[in-house]
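Novice: Note that the protein sequences, when read in sequence, are chains P and L.
For the first sequence, this note's numbering begins at 3 and goes up steadily by one.
For the second sequence, this note's numbering begins at 3 and goes up steadily by one.
Warning: the hint list may mix true and false statements.
Claimed, not checked - Rough simulated footprint, nothing fancy, chain L against chain P, three-plus residues with beta-carbon under 8 Å: (1) 147-155; (2) 245-259; (3) 379-393.
To be verified - Sample of chain L residues with no beta-carbon within 10 Å of chain P, all distances over it, derived: (4) Gly96; (5) Asn337; (6) Leu341.
Claimed, not checked - Example chain L residues on the side facing chain P (calculated, C-beta under 10 Å, incomplete): (7) Ala49; (8) Leu371; (9) Gly376.
Hint data in this document are derived by calculation from the structure and do not stem from the laboratory.
Please read these numbers as outputs of a predicted model, since none were measured by experiment.
Ideal Cβ placement from N, Cα and C applies to all residues, glycine included.
Okay, here's what each chain looks like letter by letter:
Number of protein chains: 2
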Amino acid sequence: MKPWADDDEAGRVGCGPLGPPLSEVQRPLRQLVFERVRATGASSRSAVAKDLGLSPATVGALVAELAVAGLLKEVETPRESGRGRPAVALAVRGSAHCVVGMKIGDRESTAVLADFAGNQTAAATLPRQVGPMRLDELVEVIADLFGRVATGRPVSWLAIGMPGFVDSTAGCVLWSSFLWERGEPLAAAVRERLGVPVSIDNDANLVALAELWFGAGRALSDFAVMTIEHGVGMGFVMNHRLYRGAQGLGMELGHTKVALDGALCRCGQRGCLEAYVADYALAREAVTALNWGHKDGAAQAVLLESLYDQAKAGNATARAIFRRAGRYLAVGLSNVINLFDPALIILSGERMRYDYLYAAEALAEMDSLTIQTGRPRPPIEVHARGDLLWARGAAALALSDLTDSLLSAP
Amino acid sequence: MKPWADDDEAGRVGCGPLGPPLSEVQRPLRQLVFERVRATGASSRSAVAKDLGLSPATVGALVAELAVAGLLKEVETPRESGRGRPAVALAVRGSAHCVVGMKIGDRESTAVLADFAGNQTAAATLPRQVGPMRLDELVEVIADLFGRVATGRPVSWLAIGMPGFVDSTAGCVLWSSFLWERGEPLAAAVRERLGVPVSIDNDANLVALAELWFGAGRALSDFAVMTIEHGVGMGFVMNHRLYRGAQGLGMELGHTKVALDGALCRCGQRGCLEAYVADYALAREAVTALNWGHKDGAAQAVLLESLYDQAKAGNATARAIFRRAGRYLAVGLSNVINLFDPALIILSGERMRYDYLYAAEALAEMDSLTIQTGRPRPPIEVHARGDLLWARGAAALALSDLTDSLLSAP
């Protein structure tokens, strides 16, 4: 048996100028360094090393690779003291690539164009016919919107978010209320139509990605995002990365059951959280309360606004509808806390304008449903942002997948 | 601005014989290598490198360090071809250390002694008085059991699992039905009494750890374990590691709400899953159904056995009690699937002997509550193992924390 110090393999470590080739396990470090630089805007090697708990030598090697690939550049920043030579910081080469992020929405679709540093350089929206479409129709809508936002510029990656069960890895929409058929290979169809690499994802994941890249994620490694719109979605960031589940189908908070044999959900099952909280759930109660009928999506929006106005004006039935939805939202939130113990919960979506949903009494209800450990519950932030945020999240996905693709190339 | 090739920091990579010192980020690699060797029993450097997607050079360097620390050894294994010199494999030095794992249970407590390779070398049990105790009383129970299993041998680490809200990082029991007071510093108290480093954890986490070390985790990176005993617990393994949450208080599946204003739970809240599924929930219905009274834990066990016998014999009320509990178990399982999308769910605990809980109709109910993606749902395995498994999980925690401590030392 050979003595350990002579070990052949051990002796081979670090012979080349940049050390051994980066392995599969080490590759995320390169990604981490790149993402750290992008997140901070401009950062010195030593600051990146400190932030990530890496040795300066490791960061130096990774940065050199990223620079050779044309992805990072050096910029001069003034010394904090204001004296001496300018310090050298790292920054992403924004001009290196251009990506498009797109959110297919219920009534309109939104797209943004972003540079490689994540800066938004253009945006466009397109009204959408409410209701399901054929795959080829959806591909044309996407191509139309793509043309409007890209206006002929070369695009390196396109990412698309939509509601439903989306297998991001396979690029396949398993089910969505926007498509007639199940299991549609949307990513491949769009790639073929536009000649651009395409990623797709569930839209709630994109909101979590947007927060990770441009919002709360700059300071936190673990947080949950709950979206309330035409459905109830959830995205979960763990250790600075999106958690997707074994088949990429996790985080269907809207279809967790909060009652056995409960209210009917659009998915056909009963007792789903969104059957108590989503816009269609409020709308069907509003029809009864306000003695209205509603025909299409536009009418439903008007109906909800009217219900909200009535509640504000003191209509007891309208208030009770929001109060009940708020109580069920409290159940959903407390279940997220009891299971995931996140550092922060972000409530996101247009519907968050209906502040009855997260009124003091709904939050008190949530506190009464959360396990009592003697510790403060995680903070809850309300971000009533529009579709642009979702599209920016899609751009983040495009940048992330583009970077992965660039950095895994030999 | 200096050209990249001359970059000072990049040039410093890999100068020493073993490359740069292992950083914080790289330290888990060393742990990964060690755990891979322990999991496989005996494995060659190249097999470990292949399994972990690491370069042979990196594995060689890490293995050399682990050998110098006395944690790994080389063993000769016969060539598969049966000819030539024996191959050299790596194995954990079992004699390097000795740990104790302990599960504090409702009616008895169990401990195992394990060597550094995870082999169980002794076991002991001690009956426990049902009901809450003072901290000093619990410490004496633990010391008594520790003495019976260690019998004077030097122990490097002790890990203890118990039900309740346990902050493993702080070594603090925030709440448990076994202790009168909240926020008890159990780990520090036991460490002071025994002079041994101590870790504590929620007992469901330990079952997940036991599966990770000795069961399903050898083949899978992501799975959920659901325990059904005096309560309903959950452990979740993600990327070969236990997920704990931001404050170490996640996975309280038993206290997620499956009904608003529902059945009363022992935690004082209403609608908790365990208020429909746990033994006390079945027992309180059995009291009504069988027209019994029950006074203490032992009587409750007899009551449950009687209820089960009645159900087997065709008693419609007894059957309906199990059927309802099974339906709520289905709600809990479907919520786990809808949220976590695990590769496997393991149902564990003594109560799993009551096969009415997971009868065909309960599983069919679960299928009807899980989102329909067109993909098969994750497999569900039933492991009706006893307290010994939980204690082995505690031993795994002890080994894990001991290894962390050894490998993070300078």
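Novice: Does each hint hold? Answer for all of them.
Specialist: Now the hints, each set against the structure:
1. Taking a C-beta to C-beta cut-off of 8 Å, the stretch 147-155 of chain P contributes 0 residues in contact with chain L, too few for the three needed, and the coverage statement is violated.
2. Proximity of the stretch 245-259 of chain P to chain L, defined as three or more residues with a beta carbon under 8 Å from a beta carbon of that chain, is established by the 14 residues found.
3. Check result for the stretch 379-393 of chain P against chain L: violated, 1 residues qualifying (beta carbon to beta carbon below 8 Å, three or more required).
4. Every CB of chain P is more than 10 Å from the CB of L/Gly96 (nearest about 18 Å), matching its label as outside the interface.
5. Separation of L/Asn337 from chain P is inadequate, the least Cβ-Cβ distance of about 4 Å not exceeding the 10 Å criterion.
6. For L/Leu341, the requirement that its beta carbon stay farther than 10 Å from each beta carbon of chain P is not met, with the minimum near 6 Å.
7. The closest approach between the C-beta of L/Ala49 and any C-beta of chain P is roughly 13 Å, which is over the 10 Å cut-off, so the hint fails.
8. Against a cut-off of 10 Å between C-beta atoms, the interface hint on L/Leu371 holds, since the closest Cβ of chain P lies about 6 Å away.
9. The beta carbon of L/Gly376 comes within 6 Å of a beta carbon in chain P, closer than 10 Å, and the hint placing it at the interface holds.
Of the numbered hints stated above, those contradicted by the structure are hints 1, 3, 5, 6, 7, listed in ascending order.
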